[in-house]
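With these hints in hand, go ahead and build the complete structure from the sequences.
Chains as they are written, first to last, in the working numbering: chain A, 19 to 314; chain B, 15 to 480.
Calculated from the structure, these hints are not laboratory results.
This one's a predicted model, so the numbers in the text were calculated from it and none came from an experiment.
There's no promise every hint is true.
[Stated by the list, open to error] When the alpha-carbon atoms are kept at most 27 Å apart in a straight line, the in silico BS3-like pairs for lysine-lysine are as follows:
hint: 1; chain 1: A; residue 1: LYS267; chain 2: B; residue 2: LYS387
hint: 2; chain 1: A; residue 1: LYS267; chain 2: B; residue 2: LYS208
hint: 3; chain 1: B; residue 1: LYS267; chain 2: B; residue 2: LYS420
[Stated by the list, open to error] A short list of chain B residues far from chain A (calculated; beta carbon distances all over 10 Å):
hint: 4; residue: GLN103
hint: 5; residue: GLU106
hint: 6; residue: THR192
hint: 7; residue: LYS420
hint: 8; residue: LEU431
hint: 9; residue: LYS450
We treat Cβ as the ideally placed atom computed from N, Cα and C, and that holds for glycine.
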Amino acid sequence: MHRSKLGAYLFSFPSFFLTVALGLYPIVWALRYMFFDYQGYGTPRFIGLDNFARVGRDAEFWHSVGNTFVYAGGKLIITLPLSLILAVILNRKLRGRHVFRAIFFLPTIFSASVMSIVFYIVFNSYNGVINQYLLKLGIVSAPVDWLGAGMAMLTTIIIAVWGAVGNYMLLFLAGLQSIPEDIYEAASLDGVNPAQRLWYITIPMLGPVLQMIVMLAITVSLKGYESIMVLTEGGPFGKTEVMYLYLYKLFFPLTTTGTSVQNIGYGSAVGFTTAVIVGLITWMYFWMSKKLNSIY
Amino acid sequence: MKKRMLARSSFLICCLLVTALTLAACSTNKGSDPKPEESAGATPKTKIAYWTADRHDMDYMQKKVDEYNATNTDNIEVEMKVMADNYNQAVEVAFASNQAPDVLKIYDFQTYVNKGYLTQLDGLLSADLMAKFDGLLVDNVYKLNGKVYTLPNTGQFWRLLYNVDLMEKAGYSEPPKTLDEMVDAAKKITEQGKAEGIYGFASNFKSGSGFTRPAFASGTLDSETGHEGYNFQTGEFDFGMYRDISEALRQIKVDGSLLPGAESLDIDPLRAQFAQGKIGMYVNHSGEPAVYSSQFPTDINWSTAPVPTKDGVIDGVSWVNATGYVGISDKSENKEAAAKFVEYLYSEDLRVDYQEKGLGLSVLPFVNEKAGKPELKGIEGFLPTQYDGIYPATPLSITETKLEGKKAADLFNEYILTGNQDIEAVISDLNSRYGKALAAARSEGLTDIKADPSFSAKKLQGTLGK
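Rendered as structure tokens:
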């Protein structure tokens with residue numbers, strides 16, 4: 019073997035080892051139990067495809083899949099345009115743009131769980147800050163139940179957008195800075211207005227970067243559950259139960275001091291199904307964006 | 015030459031990394047040193063690791079552990095660790111990675127025993143100590159398959175907490191005894207105080223415990239046959255035992271007497287509102303006096319009463335959540351030293367002092383007979399009465415691993431807060447689904463809890479207090 023190749027193999031070995039030990043092994047471990055009835059103790063009992071049949075019948079799970087689409091869709095529809103607009107504005111030579119970038123990026127570095135506790139205090143209906151302002155300003159006549167059945171999903175989406183905008187803004191900024199300035203100069207000589215600049219130059223020129231950002235945003239949104247777990251625990255009555263939270267509860271029942279009987283066999287089957295769902299959506303996005311690339 | 019050097023050093027780094035990871039993964043280090051500590055000239059000490067998640071008594075218990083370390087003549091040194099949330103997961107990881115503590119607080123008895131975490135205590139602890147628990151060791155709570163793995167200590171006693179001033183302002187000289195009276199009182203308190211943001215009743219409906227706190231307390235007092243939806247006599251689930259309390263809570267919601275936002279309410283925000291005098295009544299356990307003395311100090315005039323039942327008649331006992339206290343790890347290499355520490359934890363002086371400090375209410379007759387009145391304000395209302403008792407274990411948790419569809423607490427919560435289903439339909443659906451799940455759990459040998467036609471909750475009356 020050529021020495022340079024040996025060096026490459028040796029350098030890649032640690033990450034390969036860690037990927038196998040911490041990435042592939044847990045997946046294979048979980049895949050094995052998909053076909054077993056196993057509560058985390060005793061002898062696992064082989065039950066073939068029974069767990070998958072149960073997934074098919076499990077209305078709670080499919081309800082959580084529906085909720086996931088609403089949550090992820092809502093988050094993406096607001097986050098992506100908003101972060102692109104912010105990136106375009108803060109890419110210009112404005113005074114204090116670095117300060118604004120830092121402010122918008124700050125939520126990304128805060129713990130989602132800690133911020134959810136803060137938002138719980140801000141949004142609660144009996145003495146939350148939001149309701150106090152709304153009542154004082156006369157916008158509402160009675161406290162809004164932000165975390166109640168009717169509004170909880172919208173509230174979790176607002177919080178998710180707050181946490182994500184800064185991150186995607188930064189990614190868009192990196193993409194925008196790779197667009198040559200002379201294209202914009204030529205466009206301005208042709209009398210192009212800001213909206214046309216964005217639509218006909220910026221977005222097409224972002225091309226592959228945009229494609230990657232959207233894919234990243236889709237997978238992250240579909241897998242998000244941490245803030246929901248703290249804020250509503252999936253409630254009220256399952257209105258904010260997303261599929262990864264449902265899955266989490268099967269492996270780790272939400273309790274500190276109560277019973278912690280796990281549902282490892284069924285949880286593995288649900289885990290596999292959710293991975294297939296996320297994988298399929300990502301693949302569909304790639305397929306569609308490739309088609310669009312070939313058209314344009 | 016340079017390339018060869020690079021390849022060699024890369025290889026060396028990789029080898030070191032892999033060796034380090036392998037050693038770390040295969041490490042057999044425990045929560046404590048497994049072997050007696052050898053040091054020149056000093057008598058070897060046996061180190062014991064003790065894990066708990068109890069924070070309300072941690073200063074007191076640390077002091078007692080320090081005293082034990084300073085005074086015991088067996089050369090035992092105990093290191094107490096108070097774990098944060100997700101204790102059960104921490105225990106699981108510790109056992110999986112061979113770093114389990116020698117003595118651990120029990121929060122999920124059946125799972126710990128089934129997973130082989132705990133060692134048998136009978137034979138390890140002295141016969142004198144074991145004799146003090148005669149008649150108290152309930153199957154599936156402290157014993158499994160005839161073997162004792164943990165022992166009782168303190169329990170959570172459930173009561174209706176109420177704001178005396180709000181109750182009097184609404185025209186009541188005494189707390190409600192029946193569910194109808196509770197609904198009426200909640201309505202009148204709300205009518206009197208709504209303008210100031212005062213509501214008659216609250217429960218933390220963010221989770222299923224918003225239902226189970228009032229329902230289990232009222233249900234066990236009302237029913238002679240069951241707890242946690244399980245009928246001990248028939249060995250089947252029958253959620254009809256929660257029909258009355260569910261209808262009462264639904265009526266409170268319909269009347270507008272429930273604190274707004276209750277469907278996303280956690281227990282701590284509820285307590286904060288009660289401490290501010292905004293809530294008339296709620297149901298909770300004997301941990302509350304400590305909460306209102308330190309976590310949410312309050313000047314409001316609050317008191318407690320037995321949780322109301324349908325017609326004020328008590329056919330059973332109010333369930334006491336008296337899970338096992340501590341267990342000894344089956345993997346401990348210092349089981350005898352651990353047993354000596356457990357005996358110290360159960361020493362009469364310690365337990366009596368603990369009770370008198372108001373840190374917890376004992377379910378042990380030998381403690382209650384000796385202990386004076388606890389110092390903590392409000393704790394007197396939670397002291398054991400003849401209507402408190404420890405129920406046998408039910409198969410609820412294991413059944414729910416086989417359950418398809420919504421859990422009972424979630425469905426009752428939904429009924430109470432929305433009324434979008436008829437209560438009879440809710441009960442019938444739950445009985446049917448829990449019945450199937452229990453049959454599956456039984457057929458797979460996951461539970462051996464069977465029908466006990468002779469069971470009567472009335473027989474539990476007087477077992478903990480007079």
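### Query
GLN103/B: least C-beta distance to chain A exceeds 10 Å?
Violated: least Cβ distance 6 Å, not greater than 10 Å.
#### Entry: Distance rule for LYS420/B, whose beta carbon must clear each one in chain A by more than 10 Å
6 Å, violated
### Message
Holds or violated: LYS267/A and LYS208/B, Cα atoms, limit 27 Å.
### Response
With a Cα-Cα distance of about 38 Å, the restraint between LYS267/A and LYS208/B is violated, given a limit of 27 Å.
### Query
Taking the closest pair, is the beta carbon of THR192/B still more than 10 Å from chain A?
28 Å, holds
#### Entry: Claimed clearance of chain A by LEU431/B, with the beta carbon kept past 10 Å
7 Å, violated
### Message
Run the distance test for LYS267/B versus LYS420/B: straight-line Cα separation, threshold 27 Å.
### Response
22 Å, holds
#### Entry: Minimum Cβ-Cβ distance from LYS450/B to chain A exceeds 10 Å
12 Å, holds
### Message
Minimum C-beta separation from GLU106/B to chain A exceeding 10 Å: can you confirm that?
### Response
8 Å, violated
### Task
Would you check the hint for LYS267/A and LYS387/B, treating anything up to 27 Å between C-alpha atoms as holding?
42 Å, violated
Of the numbered hints listed earlier, those contradicted by the structure are 1, 2, 4, 5, 7, 8.
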